[in-house]
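In the order they appear, the protein sequences are chains S and C.
Under numbering that gives the first Met the number 0, residues 0 to 1015 are what the first sequence spells out, in order.
Under numbering that gives the first Met the number 0, residues 0 to 292 are what the second sequence spells out, in order.
Among these hints, one or two may not hold up.
Below, a sample of chain S positions facing chain C; criterion: calculated Cβ distance under 8 Å [unchecked claim]:
| # | residue |
| --- | --- |
| 1 | D66 |
| 2 | P67 |
| 3 | E99 |
| 4 | F110 |
| 5 | P114 |
| 6 | R118 |
| 7 | R384 |
| 8 | I486 |
| 9 | Y661 |
| 10 | M675 |
| 11 | A677 |
| 12 | G679 |
| 13 | D834 |
| 14 | K836 |
Bear in mind the hints are in silico, worked out from the structure with no lab data behind them.
A quick note: this is a predicted structure, and the numbers were derived from the prediction, not measured.
Don't be surprised by glycine CBs; every beta carbon is placed ideally from N, CA and C.
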Amino acid sequence: METTQHSILLTLQPGRHDGDGQRVAADAARHLGLATGQVRSAALYAVRYPGLTESQVADFAAACLQDPVLHSVAIDQVAAPEGFKSYILVAKGPGVTDDEGTSAQNALSDFLNEPIDTRTQHIFSKRLYFVEHELPAADLRRLAEELLGNKLINRFEVGAVADGVRDFTPRPGGGADARTETIVLAGLSDEQLLQLSKDNVYALNLPEMQAIRDHFAQASLREERVGLGLPADPTDCELEILAQTWSEHCKHKEFSAVIKYKNLETGAEEEIDGLFKTFIKGATIEVDRQLRANGNDWLIKVFSDNAGAVRINPESLFVWKVETHNSPSAIDPYGGAITGILGNNRDPLATGIGGARLLFNTNVLCFGNPDYEGELLTGQLHPRRIFEGVRKGIEDGGNKSGVPTVNGAIIFDDRYAGKPLVYCGTGAVMPMQLAGKDSWEKVILPGDRIIMAGGRVGKDGIHGATFSSIELDEAAPATAVQIGSPITQKLAMDFLLLATRRGLIRCSTDNGAGGLSSSIGELATISGGAVVELEKVPLKYPGLKPWEIFLSESQERFTLAVEPAKLDELLALGREMEVELTDIGFFNAEGSLDVLFDNKPIAGLSLDFLHDGVPRKTLLAEYVKPEAKEPAIAPLYDYTDTLLKLLGSLNICSRESVIRQYDHEVKGRTVVKPLMGATGQAPQDAAVVRFNFESWEGVAVSNGILPRMGDLDAYHMSAGSFDEAVRQIISVGGKLPNLTPGDNIFWSVNDNFCVPDSVYDPAINPDGKQKLAKLVQMCQALRDACAAYCIPLTSGKDSMKNDFKADGVKISVPPTVLYSMTAKVEDVRQVVTSDFKQADDVIYLLGETYDELGGSEFYQLYNELGANVPKVDFAKAKELYTLVGEANSQGLIQSSHDLSDGGLAVALAESTFGRDGLGADLDLGSLAGELSPTALLFSESHSRFVVSIAPEDVTAFESILGQRASRLGRVTADGQLRVQHAGHELLSLNTTDLRAAWTNGPVNQTIGLEPAALVK
Amino acid sequence: MTHDTASQALPKALILTGFGINCEEEMAAAYRLAGAAPTIVHLNEVLHGRVSIHDFDVLNFPGGFSFGDDLGSGVVLANKLRYRQTGTDGRTLLSDIREFVAAGKFVLGICNGFQVLVKLGLLPNLGGDFQPEVTLTHNASGRYEDRWVRLKVNAQTKTPTPFLSELTSFEVPVRHGEGRLVVPDAATRERIVALGLNCLTYAGHDDQETGTYPLNPNGADLNCAGLTDPTGHIFGLMPHPEAYLAGCNHPDWGMKKRRGELKDEGEGLAIFKNIVTHLIRRTQEASAPATHA
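Using the sequences plus the hints, can you model the full thing?
Here it is, written out as structure tokens:
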């Protein structure tokens, strides 16, 4: 039966400010060089409920959609305003999340007071833009595809108004498709096996395909399968489950591989028994031993759940997870980032029993230059679009979930122009006990029900796990794209919070990569088996094959294990809170993952083979020291211009336009925000967040990442990144762990490696051994850093194929590691901010400066890399951080800013940004050694701080810091930054000009920090 | 004279949550710190009749993104309160709210909650019939922004709302994309100004009203940050006083600490203390011995 469709058009009344339209016109001129004239925006809805009359639709539109102050409404007619000649319609493709349409359905249900179907799509939202000028269709389409949407997500209609406005409303799905096919592997040649893997996006290599073929060739197994009603040969569903479970994304095969490592510089050779086991887990085991020996037993759960957990105090746990979402962000930046942040939120939410309260988000982003002017490869998005889209995704993902985004970084390097890196972090707090059970433990007993909670299943995100495990090319599959729905997840989150506290849930996990196949496959190992009845899974629309249902990565879903006796109460709570819960099977102890569709078995895999059947890889690594030399740069007498250029450079300039669009203080607990001071423009080193309103305990959060240093030396890049994150926490007043017995100061670190394809292949990856050697060195530095500071890793992630290949060109990211660090702060009122506070406070440099301009931002100004990479001396750094901690215990430090990009000069400048009128008068003569002025000002030596001390505290401060502090000068009230050295004035300029150079840098120019448009 | 009857029961604040509301915890903390007894409930518990708003003294709509701000901020939630029938007799939550206010009780909406009150017609309610008279829409900048602003309390308000008692100006963060108040016509604007219902305006460092961005972060008509109804019982504002419960929430608290002026308590708490004090005093007055009347 054909249902009548009605349309509702909302346009702004004449004279109302159309910010959206103005922005489109401005962006079209700025980014595409298109003169559009005025642009008017409008909202268009298609309503397709059976039996709804036109007058009901009109009443609904007037009562629920129209803002009587702003809008005019038209039913079933789409007319352009007078004088507008072209139009662009932006609709969503079939099956794409349409939250706005769903909200309209909820509104209609409230309006009619009838329980209508709001779970599948009947109202479709679209945007319509009327353009004043008559533009050719090609220009309109460009505008649509490059500014208004993404052709993987959206459907566009464009044209001349005179020809009539063409509408598009998706008609998702088709008939039911219950087919499961059998795939015969026996007798396939190696070539055929590889082709099968490629054709189906299994992303499995030859030994893995052979292992599967051989498994299914066993006569006893074949006989057993037939007895169970399964075909002897594997089903499509089984191969898909194996491919997801064995994906690099899920199994971390390269971090588990045996590595034959040769250092050609030293001649050393060694065989590494897995990077994860040797360096990451190895380091944490050693740290935990040291901690426990000293009565610090706060390390509760590491590496074995969705997120790591450490103890805050006897009542509560801190849960911390950072992940990447790179491949999806490359092809759909908004969708990739929003699903990245929402997906990462689900990790702490579903750790242990589940139901942690989210406390904050962080994000660290790596992009190509947003002002890139060259040609793009096929399928490659412009870096500015990726930047804009990712930023918006993080804004919506965080803000709409009510989770503050408290800390982050943006790094620009052209090698991120193919695949951007999108790191999403989430911290959360969980009670130690939930309904009398240890909250961090996952327990499942045979007989427990499998409940799917949250959103419904569609074709979105099929093959995400395998897709992210291969390099991107121009033929990236559209089904890998998903759009998150923060509101659906918020409802599920509110529900989990209550259900876990009432003891209704045995344990939970999230549905991320691999969907139900991964979540149930993993949980099944706890009880020893599971049976899934796939036909019970609620779908967004019909037409999914069974294996697609099992693999779909449709967002906002949790898998819960529930005691049968608690099921009714749980389902009732779900109904009350409008969260869809479906009983889709049960756990058992039979040793296998069994999947049924309409009572017919379609998969039966032993858990042993599923989880331990993947063959271990052996990889080759060879280190050759790269050629590097120091450039000859003529010394200057005056570095004022140099400093202004540095402050306006891409990697140093202000990120305010980005930061202000993230809510960084919802929940009311943020104490150190990204930007502080009277001006709200002083950048801070680490965020500090209170846990609750009843105590002053909190957590400091920082991120260390220095990819460019890796071009000189991967070990020192990794060590420096780790130190950067540590010193940022020390700078805000954090204390190193384990300095005294039982001090109970937790630290929790997530390591996140994002590297290019590092598997050697003479044809397609000839420098793979060198890349892998860099990864080995990064891991070695990580182990050394953890052991030196006694800081444990609690969770992490590796992303191994960050390459973009198209038109015969490969863009590979530089080997990158991010250390995301958190540490307990005893009293948030005692922390330290970066900005100078008051004239006559005395300024010191803490730590030692070396001639280490290699990889610096200063050299970058000259397009040089240099050779002298900054190196961390862990012992000296630890000693300094301990002393800084002592000074902070006595409240002696008024401001502290760590030195990083741009060195001392930039840190000094930034320290003046907090208030108008303050300056600093400094002489570098007190710094020991024979360093050049450029090294003194711009060297990026690690483990250093600029601090200011009240005059009355100078003696006490110097007696603690001793030789580690060099007195440079004092804070002044004249608004000038003056730096002298050996009788020369190296720097002399107004701090307002410094801040202007920083604020007007390329990031704020790109994202826009212009004053609000005048409202007429 | 004794206060025993008054001191027995703390004022009761009902805080609604669910459907994307996300500032309920800090709002509850604000009331707790101010000396009231807050209760957070899911809106459905009220709509399904398990919790009655009439058992409380203040009804609160916290900030957040109810229904994701789809269809316009606060619209779908306001729609639910106006149309969703809570029983078989055609009653809606809006009918309950009318009775609640008529009984002399108080309603507070912050950010998304303020947007709900405006879209529901509870503010400014010049006509007394709960019809939308103004609206809140996209910031002039077209962007969501989180920044701190200074607010000035309108001294000309005819019936000042007790939430703002004795306050003249204070700082708070704004965190919204749709906070621009639009008053559709001059007549409405004149009536709002005449009654002083524009009880909070964006101000510069000199405490003078300003339309300059970013001091006025959204381009609101009348530079208005908050509205009260003609009775002073309904109050809503875009900025977030519940996000400034501790002195160290302020972006420049480091300077206050340097000067020894940092307080544990944040300025945003005053609004909650005001209403709690007002409720306690009213209860005391109601229960005072007849001879004092």
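Non-conforming hints, listed in increasing numerical order: 5, 6, 7
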